[in-house]
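Chemist: Sequence:
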Amino acid sequence: MSDLPQDQAHGLRRLFAASKLRFVPVVSNPRVAASSVLLESLCAAFAELGLHTLVVDAGERSPAPSELAQVDLSNCIEPLSRRVSYLAARGLPLRYTNSNGSAATFLEAVAEAAPQADVVLLHASAPELARVVSLREVRPLLLADADPRSVTEAYAGMKWLTQRAGLMVYSLLMACHPQLRVATRIAQQLSSCADSFLGAVLRDWACLDPRSPASAPLSAELRHLARELLLAAPPGAAFDAALPDALPLRPARTAAAPLLHAH
Numbered sequence: 141m142s143d144l145p146q147d148q149a150h151g152l153r154r155l156f157a158a159s160k161l162r163f164v165p166v167v168s169n170p171r172v173a174a175s176s177v178l179l180e181s182l183c184a185a186f187a188e189l190g191l192h193t194l195v196v197d198a199g200e201r202s203p204a205p206s207e208l209a210q211v212d213l214s215n216c217i218e219p220l221s222r223r224v225s226y227l228a229a230r231g232l233p234l235r236y237t238n239s240n241g242s243a244a245t246f247l248e249a250v251a252e253a254a255p256q257a258d259v260v261l262l263h264a265s266a267p268e269l270a271r272v273v274s275l276r277e278v279r280p281l282l283l284a285d286a287d288p289r290s291v292t293e294a295y296a297g298m299k300w301l302t303q304r305a306g307l308m309v310y311s312l313l314m315a316c317h318p319q320l321r322v323a324t325r326i327a328q329q330l331s332s333c334a335d336s337f338l339g340a341v342l343r344d345w346a347c348l349d350p351r352s353p354a355s356a357p358l359s360a361e362l363r364h365l366a367r368e369l370l371l372a373a374p375p376g377a378a379f380d381a382a383l384p385d386a387l388p389l390r391p392a393r394t395a396a397a398p399l400l401h402a403h
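Take 141 as the starting number for the sequence shown in our numbering and just add one per residue.
These aren't lab readings, by the way, just hints derived from the structure by calculation.
For each residue, glycine too, the CB sits at the ideal point set by N, CA and C.
Fair warning: there could be bad hints in the mix.
To be verified - Pair by pair, the computed Cβ-Cβ distance ranges are:
no., residue 1, residue 2, range
1, A354, G190, 12 to 22 Å
2, E207, S332, 44 to 54 Å
3, H317, E252, 38 to 48 Å
4, T237, Q328, 29 to 39 Å
Please model the complete structure; the sequences and the hints are all you need to start from.
Modeler: Shown next, in the form of structure tokens:
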């Protein structure tokens, strides 16, 4: 924590330690080869704040859950370190979908299965996240890299969540060197399209060089992004609102973005 004043770091630890479980949705992006590195760095940033993170990995290319998941979810959680646990969960949220198409109770099941967790990081596709977090006050994290196709995919995820779940504020984490000019252009383009065509806001963004060694210190930008994601997630709100009759919102009509051909 050398880049963060000691008194500020202590204050943040006390703030988050006294809070209920926080939920951070991460929109999976199959076009980003270094997605796992980005998730690991985010967990490291949370760990610096003294928080234990449960990664619920439900992305399109994530491992399938154990057969025991339907019987005892807690036994399927794998400890990776003192501050990080992992749950293979591809397709798992859909098993909690009710007759209205909502999978909001999945969060309750995860919370009960991991009482040691301070943060639940749900890595899933936009359609699955929309079923779980609709009507929630959370800030989804988009993933991208320098490949334009990954940016198109990130915009598509934002569009889906804006229209289906009414989520209007986002953050962005990119797998590329922070000093690349293209990174700034990508963030600016995504922010502009979000505002012009969706009425959404890209609040902040950060870069992480996936080639950096695991022992490299976290950047100030990444630490800031992690803290903002936690502060944007009302403690316990996602679980307090997990009603069995929760419904995903209907899609809103929006103009198509010419710069990012979302699908």
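Chemist: Checking each numbered hint in turn, tell me which of them this model violates, lowest number first.
Modeler: Nothing - there is no hint that the structure violates, so all of them hold.
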